[in-house]
Structures are given as structure tokens and as C-alpha cells.
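Peer 1: Chains A and B supply the protein sequences, listed in that same order.
Under my numbering, the first residue of the first sequence carries the number 1, and numbering increases by one thereafter.
Under my numbering, the first residue of the second sequence carries the number 1, and numbering increases by one thereafter.
Among the clues, some could well be false.
Said to hold, decoys possible - For lysine-lysine, the following DSSO-like pairs were computed, each having C-alpha atoms within a straight-line distance of at most 27 angstroms:
(1) B/244 - A/429
(2) B/453 - A/377
(3) B/422 - A/263
To be verified - Just so you have them, the derived chain A footprint on chain B, three or more residues with Cβ under 8 angstroms:
(4) 100 to 111
(5) 156 to 163
(6) 383 to 390
(7) 401 to 415
To be verified - Partial chain A-side listing against chain B, Cβ under 7 angstroms, derived:
(8) 233
(9) 259
(10) 260
(11) 264
(12) 268
(13) 415
(14) 419
(15) 442
(16) 487
Since the hints were made in silico from the structure, they are not lab data.
For clarity, every value in this text was computed on a predicted model and none was experimentally measured.
Don't be surprised by glycine CBs; every beta carbon is placed ideally from N, CA and C.
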Amino acid sequence: MTQLRYPMRLFFLTLCLLISAPLLRAAPASDWENSLVYLEVTRKTYEVLQPWTPKARTVQKNGLVIGPREILTTAEELSDRTLIRVQKGGRGKWWNAEVVWLDYHANLAILTASDATLWAGLKPATFVTGKPPKDGLQVVRWRNGNLETRKAEFNQFIVEDARLSFIQHLQLEASTEMQGVGWAEPLVAGGKVAGIASGQGGNNARFLPASFIEPILTARKAGKYPGLGYFPFTWTPVENPSTFKFLKLPGDPRGALVVDVPKTPAPEPNLKPRDLILSVDGFDVDNQGYYKDPDYGQLIVENLGSRRKFAGEVVKMKIWRDGAQTNLDYKLPKLDYSVKLLAEQTFDQAPEYLIAGGLVFQPLNIPMLRGFGEDWKRRAPFRLVHFAGEAPTAERTALVALTSVLPDPYVLGYQDARLLVVDTINGQKISRVTDVQTALQQPQDGFHTVEFMRGDNLRRIVLDAGQMDAATKRILERYRIPAASHIAAK
Amino acid sequence: MKYIFSFLFVLALLVLPARAADPEKAVVQIFTFSQEADWDEPWKFGPLRRSSGTGFVIKGRRIMTNAHVVSWARQLMVKRYQDPRPYLARVVFVGHDCDLALLEVEDSQFYNGVEPLDFGPLPKVRSTVVTYGYPAGGEQISYTRGVVSRIELQTYAHIGNRSLLGVQTDAAINPGNSGGPVIQDDKVIGVAFQGMPGLENAGFFIPPPVIQHFLDDIQDGKYDGFPSAGIRTAPLQNAAFRRKLKLPDDDRGVRVDSITPGTPAAQVLRPDDVVLQVGQYPVGSDGSIVYEGNRMSMAMAVQEAQHGHKIPYRIWRGGKEQTLAVPVEVSATDKVLGNQYDLPPRYFIYGGLVFTPLSLDYLKTFGRSWSDTAGAELTYELFYRRHESPTTLRSEPIVLSTVLADEVNASFRVRGRAMVDKINGVRIERLEDVVRAFETPSNGQHVVEFLPKNTFECLERTAADKAHQEILKTYGIQRDRRL
Chain A
1 MTQLRYPMRL FFLTLCLLIS APLLRAAPAS DWENSLVYLE VTRKTYEVLQ
51 PWTPKARTVQ KNGLVIGPRE ILTTAEELSD RTLIRVQKGG RGKWWNAEVV
101 WLDYHANLAI LTASDATLWA GLKPATFVTG KPPKDGLQVV RWRNGNLETR
151 KAEFNQFIVE DARLSFIQHL QLEASTEMQG VGWAEPLVAG GKVAGIASGQ
201 GGNNARFLPA SFIEPILTAR KAGKYPGLGY FPFTWTPVEN PSTFKFLKLP
251 GDPRGALVVD VPKTPAPEPN LKPRDLILSV DGFDVDNQGY YKDPDYGQLI
301 VENLGSRRKF AGEVVKMKIW RDGAQTNLDY KLPKLDYSVK LLAEQTFDQA
351 PEYLIAGGLV FQPLNIPMLR GFGEDWKRRA PFRLVHFAGE APTAERTALV
401 ALTSVLPDPY VLGYQDARLL VVDTINGQKI SRVTDVQTAL QQPQDGFHTV
451 EFMRGDNLRR IVLDAGQMDA ATKRILERYR IPAASHIAAK
Chain B
1 MKYIFSFLFV LALLVLPARA ADPEKAVVQI FTFSQEADWD EPWKFGPLRR
51 SSGTGFVIKG RRIMTNAHVV SWARQLMVKR YQDPRPYLAR VVFVGHDCDL
101 ALLEVEDSQF YNGVEPLDFG PLPKVRSTVV TYGYPAGGEQ ISYTRGVVSR
151 IELQTYAHIG NRSLLGVQTD AAINPGNSGG PVIQDDKVIG VAFQGMPGLE
201 NAGFFIPPPV IQHFLDDIQD GKYDGFPSAG IRTAPLQNAA FRRKLKLPDD
251 DRGVRVDSIT PGTPAAQVLR PDDVVLQVGQ YPVGSDGSIV YEGNRMSMAM
301 AVQEAQHGHK IPYRIWRGGK EQTLAVPVEV SATDKVLGNQ YDLPPRYFIY
351 GGLVFTPLSL DYLKTFGRSW SDTAGAELTY ELFYRRHESP TTLRSEPIVL
401 STVLADEVNA SFRVRGRAMV DKINGVRIER LEDVVRAFET PSNGQHVVEF
451 LPKNTFECLE RTAADKAHQE ILKTYGIQRD RRL
């Protein structure tokens with residue numbers, strides 16, 4: 001899915017404010033005036049390669065009153081928040097709010113406000129139940145104090161990566177002339193909520209459908225929401241009759257062919273490469289990896305990992321393995337951002353770093369690579385990007401990089417070293433910044449030896465262990481860095 | 001008396017070389033008709049291209065020019081100074097790493113009245129030079145005067161992955177100048193070869209040490225190339241590191257940081273050896289030497305040697321100085337990591353599946369951003385695996401470059417640009433393995449496995465055998481292999 005990234009969305013938002021304000025007309029008073037609130041979120045962001053320097057960022061988005069003292073919005077831009085304010089009626093007073101529940105994987109959050117005056121006159125919205133409507137769809141939001149309502153044309157249901165995670169789940173795509181959509185604007189039909197917006201590319205906006213949201217909220221209310229489950233394995237469609245012959249599958253071509261099963265997570269029983277998934281929870285899977293959903297039509301099999309099922313629950317699979325059909329109760333693993341060698345997200349924690357004698361060590365993760373810009377896959381060093389596709393091992397669960405060297409006489413000769421992945425320090429394998437801290441407490445013969453991963457780059461540097469603390473102190477003062485490290489609590 | 005003088009004058013003309021006054025008579029214009037290989041569809045060649053460059057006659061009835069002037073040539077024509085007649089020429093030796101080539105003209109009349117040019121020494125910085133050539137394909141020879149700006153190792157753009165000694169001048173060097181002589185004191189002190197985009201008033205020429213290395217190399221009848229050290233060095237300027245190595249803090253010596261696996265250096269040198277001197281050149285802590293008054297990378301000292309020679313290295317190891325004889329070789333793997341010329345790619349076609357070795361030239365068929373996602377695995381395989389995991393390195397990684405659509409392979413999802421892991425259970429180390437693997441008995445189907453995600457495709461053996469010749473015919477392919 002092509003989605004506009006934050007700055008582009010802001011651009012559209014600003015542009016629309018500039019050019020379309022005179023054209024806007026106040027929509028007739030509707031129930032949405034009493035259910036839709038305007039949110040302002042201020043949060044901390046960090047300079048990726050100078051993680052000790054936080055900055056403030058403020059965004060506006062939408063919230064939907066869904067129950068007593070409960071406002072639903074997307075989780076996007078709520079990490080590292082410092083202030084959330086709510087406005088009703090599109091203008092006037094702001095109320096402070098706080099997050100009471102949030103799930104980044106599902107991109108959903110619930111806010112509340114303690115001031116009772118906020119809730120006066122607000123009315124909870126209700127979700128569409130049953131088969132999702134395809135006609136009469138509208139997108140609603142506050143704009144310049146008025147409620148802006150625009151028609152939306154249903155395009156399709158699709159299963160794609162979530163906005164903030166690599167879980168693939170059901171999303172609704174609709175086209176609308178409203179620009180800058182993606183900030184939790186509700187998609188409504190017949191006075192009910194059919195979805196909330198999570199992104200937009202061109203005129204096509206993406207929405208989390210009500211049928212995806214509602215079971216999560218219900219389970220959360222009951223205190224039984226364990227988080228989303230997902231299929232961590234990789235499969236491929238099979239069109240080649242010769243491949244089915246090779247797999248000794250009789251009858252018509254069918255099934256999704258598993259080609260790669262990661263070592264983690266490892267549910268038991270697990271799938272194996274060259275298994276053919278013939279059905280999941282009673283839904284037959286065709287040779288393109290699609291099943292026919294009674295509510296949404298043809299969808300890829302991933303949706304059955306999140307279709308009214310959560311992490312820890314079992315999906316019943318029929319698979320073709322080694323020339324015979326067998327049943328497999330597949331327990332859906334819970335997504336963990338750190339399951340990959342390069343953690344996908346690091347929400348709600350200031351970036352970790354450690355400065356030792358001018359050497360700046362940081363975890364190598366995707367948020368750090370995103371610091372290279374929108375097209376980080378092209379702009380970041382090739383080797384670092386390539387780690388994103390590699391799996392963790394028992395020996396190395398994560399990576400730490402020497403991201404830069406703060407010039408000082410202590411590190412003379414190493415000032416050009418940067419973006420090198422650390423292998424060992426003083427002979428100890430390094431996976432996390434805490435490993436760096438531990439290893440530096442054990443110098444060898446008065447020296448610290450930092451070894452970098454094999455590659456076409458610098459392999460080794462040596463520093464005087466006895467002078468390191470004094471050098472660190474001097475460097476922190478010279479570069480006005482408030483602390484030598486920030487390491488997240490375990 | 002007058003007669004005698006005249007006689008002596010004529011005698012002097014006969015005895016003294018005439019070239020001193022007019023070197024342009026030895027300068028020729030070269031017209032090249034070339035056809036490059038197609039690395040994606042390796043049985044094909046690209047369209048016929050016409051280009052021109054410059055060359056000059058040297059001793060031994062040879063014409064020196066740039067390799068890039070004559071690469072992929074189908075036909076070469078040369079024209080002498082102020083002579084309308086074209087002569088057919090052929091390449092005798094070519095060094096793509098140093099961008100030099102020698103041509104010869106069969107018609108002996110070509111050499112009549114042409115005095116070959118001699119080579120001079122490496123020019124001094126700030127001295128004046130004149131380039132001779134036919135820039136922009138003009139009919140008349142052009143002269144441009146300039147000053148030698150600096151002398152150091154330069155990346156040679158033709159091969160792309162080698163840095164050899166190069167001289168920068170502010171004399172204009174434009175397309176068409178390539179291969180032309182750069183003259184100082186009536187001697188050739190360089191061969192014009194490249195400019196640099198974005199750098200105003202800067203042209204580069206190949207200096208005499210590189211030219212002489214090339215001429216010495218071909219004495220045995222074949223060109224080997226410039227050897228590499230096989231080591232990666234790191235500056236040794238940190239006092240703590242020097243102390244750890246028990247090395248005096250005197251700015252001498254560069255540290256061996258890593259050794260390229262499989263090179264002769266790996267048998268002699270070790271990481272953390274400190275190179276104090278290479279040949280006759282003392283090495284500074286930044287890895288530089290002083291060569292003819294110019295400070296430059298110590299790689300220059302290695303490049304003076306010929307392939308297979310040994311260079312004396314003075315090194316510091318275990319707190320003591322010692323001398324080692326380090327063999328240096330031309331790296332075969334360097335070829336696939338750089339631009340390749342004149343040798344069309346190897347390939348093997350079976351059942352419409354086209355297999356060819358992975359190389360930089362192949363990756364470039366992906367377009368300018370070849371290292372992006374589409375080519376990431378292949379990029380890693382070609383450039384990084386040799387350093388990071390030399391034990392898993394394949395001697396010649398093979399890709400399925402394309403699938404020639406036919407009923408027998410119509411259902412393949414993998415349509416090309418995929419790294420081949422195994423065929424019928426045989427791990428594919430080089431192209432010959434592909435041929436052997438398809439000949440391996442299989443259970444009715446050939447199974448082709450790809451990296452990195454273990455995808456595989458099956459091909460009906462009988463049907464593929466049957467369709468093979470017809471596919472070649474359909475696509476106009478004369479031979480199913482070039483091994």
C-alpha cells in the first residue's frame with residue numbers, strides 16, 4: 001500500500017486549510033457533531049543520530065466518542081506523548097486527555113479526560129455490525145470549526161501490513177476527494193461507523209473496518225484482549241502444475257505453499273517449508289493463497305490469522321505434508337517488534353545510546369534507519385539495510401552499531417568511523433547496548449578492543465581503558481551532551 | 001661551402017629524429033564500430049555503435065590508445081594526420097584495468113613517414129603539458145595546453161573498481177581526446193583518458209609508470225593486469241593502539257585491518273601486522289608513501305610489481321621488525337566486481353530457463369538503482385558474502401536471468417533475476433554445475449531452488465527436453481550455451 005508519510009499528510013492538511021477553507025460549507029447539524037472530537041497530540045521525537053536531543057512535535061487528529069468517557073482514535077503519533085488535548089464542536093475550549101488503552105499493533109487507542117464538562121453533550125457513536133456496507137459511505141472530520149463531510153466510494157477490502165506493524169489484517173479501501181485523510185477520520189454509513197482512517201495514497205484512503213475494530217474493543221472491555229496474532233511464515237502462490245506433481249498432491253491445484261518458517265516465533269506444532277496449506281478454520285485456500293470470505297469476498301490467507309482471533313488462539317489448518325493430508329492446530333503467536341534482528345518499532349522509549357570515550361553506540365533498528373529519510377532503504381548504507389532482512393540467531397538476537405565518533409584526542413585516528421556494526425568488545429559478543437556497558441567494565445591488559453562485524457569496512461579499534469572515563473566526561477562537556485547514556489530499563 | 005652546409009643539414013635531418021618538432025604526425029584518429037554484450041539476455045548483442053577516439057604510434061609499429069576507445073570493437077579504422085585514407089586496425093593487447101590498448105595496422109604503408117613517439121618521465125606538478133587529440137569527433141587535430149595539477153591514485157572509470165596512478169591537469173580533455181598523447185618536451189608523458197563530472201577544468205591522463213607497467217606486462221605475449229595487495233589497512237594514529245602493539249609513536253607504519261580471503265597475502269600477512277615499508281617505500285601511519293615526490297596510497301608500491309611477483313614488506317609483528325616476501329596477484333574476483341569488456345557473458349539455456357553468472361554488469365541491467373530491493377540479495381551475494389562468510393561463498397554465483405516463455409515453463413512464478421541455490425539437489429557453485437545438474441537423473445521433474453527464501457520451481461523433464469530446441473528456434477538463439 002502506498003501511504004503518505006507524516007510530513008506529506010501535514011502538507012496536504014495545510015494545503016487543504018489554505019485553499020479549501022472558503023469553499024467549505026458547514027454540514028447540516030448531525031449526530032457526528034456530538035460524537036466526533038478534535039485531538040491535538042504533542043509528543044517527543046528524537047534526532048536519530050543524536051538521540052540525546054529530543055524535539056517536540058504536535059499533530060492534530062480525530063477522536064470518536066464510543067462510550068462513557070471513552071474516545072477512540074488510532075495509536076499512530078501517540079507514542080512518547082507529552083500532552084493530549086481534546087476539543088469538541090470543532091472550536092473553543094481544550095480539555096486535557098490521557099491514554100487509557102493502546103495497541104500499536106492494531107493501531108488503536110482509547111483516551112479519556114477527567115474533566116466531566118468535556119463529556120456533557122457528547123454522544124457515543126455505534127459501529128456497523130454484520131456485513132459491511134458498500135454504499136452511502138462518507139468521511140467526516142472537523143475542519144476550521146466546521147464538520148466536513150465528503151462522499152467515499154468503496155473500492156475493496158484488502159489484507160495488508162498494518163500501519164504500525166508487520167501484521168497483515170483486513171483493511172477497507174475507499175476513494176474520496178477529501179485530502180489529508182489518515183488521522184482517524186471516521187468512515188460512516190447510515191449513522192454508524194464503518195471504519196476509521198489510517199492512511200491515504202492519492203485519492204484512495206485506508207480504513208480500519210468496524211469488523212476489525214469491534215472485536216478488539218469488546219475483548220478489551222472484557223479484559224480478555226491478548227493482542228493480535230499473526231502468521232509469521234512466508235508462503236507463495238503456486239500455479240505450476242509440475243510443482244503440485246512434485247508435491248504429489250492429487251486433484252485440482254490448491255493450497256498456499258509454505259517456503260520459509262522463521263525460527264522465532266516457533267509455535268508448536270509448527271509448519272514446515274514445502275507444506276501446502278489447504279484450509280484454515282474451514283475455509284479452503286486456493287493455489288493463489290486466497291480464501292472466500294463470506295463477508296469480504298476473496299482475501300489472502302493471512303486474514304485468517306486476525307479474523308476474530310487473537311494471539312494464543314488456535315486456527316485449525318489442513319495441510320498437505322510429505323504426500324499426505326494432515327491436520328494442524330496452529331497457535332497464533334503474538335507479535336513482538338523485537339522478534340526480528342532489527343526491531344521494527346521502539347515506541348514509548350527514548351532511543352538507547354551509550355557514549356564511551358567519544359564512541360557513540362546505538363541499537364541498530366528500523367527507527368534508526370528511518371532517520372535516513374523516507375526512502376531509507378535506498379539512502380541508508382546498503383549493508384545496514386540488508387540486516388533488516390536477516391533473522392536473529394541464538395548467538396545474536398539484535399545488533400548494536402557504532403553510529404559515530406565524537407572527535408577528541410582520545411579517539412584520534414578513529415574520527416571517520418561510523419555506522420559500523422559491533423561484533424565484540426573485549427572479546428564479548430554484543431547484541432544490546434547493555435552488553436557494551438558490561439563489556440567495557442572488563443578491559444584487557446589496560447585496553448578496550450572493539451571488533452566490528454566482518455565486511456568491507458574497518459574491523460578493529462583499540463582504546464586506552466584507563467583514560468576512557470576522563471575522555472567521556474570531557475567529550476560530554478565539549479559537545480554539551482546531558483548524559484553519557486540512556487539505556488531502557490529491562 | 002653552401003653545398004656542404006646543405007648536405008650536413010640534410011644529413012642532420014636524416015640522423016636526428018624528425019618527431020621532435022611535430023608529434024602530431026604520429027597522432028591518429030580512431031573510428032570504432034562496436035557492439036556490447038547483453039548481460040540480461042546473454043546470447044544477444046546490443047545495437048552497433050559508432051564512436052571515435054585518438055591514438056598515437058609508438059615503437060614496434062603499434063598504436064597506443066585507451067581500452068575504452070576500442071572495447072567491444074567489431075571494426076576499427078584509423079586515419080593518420082592530414083591523410084584522408086582510412087586503414088583497418090586490430091587490437092593486439094588490451095588492459096581494461098589500466099584503460100590502455102595497443103593496435104596494429106596490417107597495411108605497412110600506414111607507417112610510412114610516421115615517426116613513433118617516445119615516452120618521457122612522470123611530469124612534475126605545476127609543469128606544463130599539451131594534449132593532442134580529436135575531441136568531439138572533429139576532423140582536425142586539437143591541441144590544449146595545461147598544467148599538471150596533482151598526481152595521485154585515481155579511480156579508473158572504465159573498469160570502475162580499480163584505482164591506479166593518475167595525473168590531473170587543467171588542460172581540457174573531452175570525449176574524442178581519449179587515447180591521445182599528452183606531450184611534454186616532445187615526449188609522451190601520458191595518455192588522456194577521463195574527465196570528472198562536476199569538476200571544472202580537470203582532465204586526467206594515464207602517466208608513464210602505468211603505461212610502462214602495461215608494456216612490461218605484455219612482454220610475455222599476454223596481459224595479466226595490475227596486482228592487488230589483498231589487504232585492507234587502517235591508519236595507525238591512535239596512541240593506545242600503537243602502545244598495544246608495542247610500536248613507537250613515530251608515525252611509521254599502517255595496520256593490516258583485514259586480509260581478503262583467498263589472496264596470497266592471506267598466507268603471509270596477519271591482521272594487526274604493521275606495514276612499515278613496501279619495497280623501497282617507507283609507509284606512514286596513514287598508509288601513504290612518497291612516490292616521486294607525491295604522497296599517495298601505498299597501493300602504488302604494490303602496483304609497480306607484476307602479477308605473480310613477490311614484494312618485500314618490512315613489517316612489525318609481535319613487537320619486532322621483520323621482512324616478508326609477499327606475493328601479489330591480479331584478483332580474478334575483481335573482474336566480476338568491475339565493468340567487463342570484450343568477453344561476452346557465459347550462459348546456459350534449458351527449457352527456456354536462462355542461467356548466467358552474477359556480475360556487476362548483470363546487476364546493472366536492473367537500472368540505475370540496481371542495489372535496491374530487487375537486487376539486494378544479489379548485491380549482497382556479489383559484494384559482501386566474500387568478506388562476511390567466505391566459507392559459504394560460491395566461486396561463480398549463478399542467476400536465473402530470464403525465462404523464455406513457453407508452454408513448458410508458462411506457469412513459473414519466478415520469471416528471472418533470481419539467485420539459484422540448487423538444481424535437482426546439486427548446489428550450484430558455477431555455471432558448469434547447472435549443466436551437470438540438469439543431466440542428473442530426477443524423478444520426472446527438475447527442481448530448481450532459489451535464494452534467499454527457499455522458493456522453488458519444477459519443470460517436467462520430458463516436456464522440457466522436447467521443447468528445448470523449439471524454444472531456441474523461436475527466440476532465434478543459435479546455441480544453448482556459452483561456457
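Peer 1: Report the numbers of all earlier hints that the structure fails to satisfy, in ascending order.
Peer 2: 4, 5, 8, 11, 12, 13, 14, 15 and 16
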